[in-house]
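Chains as they are written, first to last, in my numbering: chain Y, -6 to 108; chain S, 93 to 208.
I should point out that these hints are in silico values taken from the structure, not numbers from a laboratory.
Every residue, glycine too, gets a C-beta built ideally from N, C-alpha and C.
Incomplete in silico selection of chain S near chain Y, CB under 7 Å:
id, residue
1, 135
2, 136
3, 189
4, 199
5, 201
6, 202
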Amino acid sequence: AQKVTQAQTEISVVEKEDVTLDCVYETRDTTYYLFWYKQPPSGELVFLIRRNSFDEQNEISGRYSWNFQKSTSSFNFTITASQVVDSAVYFCALSDPYNFNKFYFGSGTKLNVKP
Amino acid sequence: GAVVSQHPSWVICKSGTSVKIECRSLDFQATTMFWYRQFPKQSLMLMATSNEGSKATYEQGVEKDKFLINHASLTLSTLTVTSAHPEDSSFYICSALGLADTYEQYFGPGTRLTVT
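With the sequences and hints as input, model every part of the structure.
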């Protein structure tokens, strides 16, 4: 069965610090998709990244970077030089093996960035 | 582009009444929409998959007679919580798949339901 674990319930950092959000997943399948979403206080989920299981290249987008390690079943997310606007709950998600559009979400990590 | 709206954004109702929540894809057509439920400080749990023109597919443990889903057009899906009880109070979020882009869901802003 698909399972996503985000062990960090809540993280607090001071602005400009780097922060890494952990995501560990479980699946018996070789083909799957991983996602990260941001949920600001307004509630609307914002898509950040999608990665398929065959692409282990790390990705960088501005201050955001993702490290995908199949060997450890992890898909960690790092924010460099954090800003107050990064404060939100971040969810990692894994697709269903029979329906890639069906997601299993982790419990989320609440990030507090203090000025 | 790819905007999904929900209406209402929040609603308070009395026990025993029914509440309808709308999910609309504003600038694209969506054959498939999803309904999630999120309890305070918890993750999103998929309730059902809504397909235009056919019956919704419910996840295990979700009562289909209580949570009625209708996807009558390519831009609108509705979730009706029938005979609501306080335990139905939650944040309900919908998402939509664009016709051209699978695997990426566009999420609505959510509807907060409080049943008194």
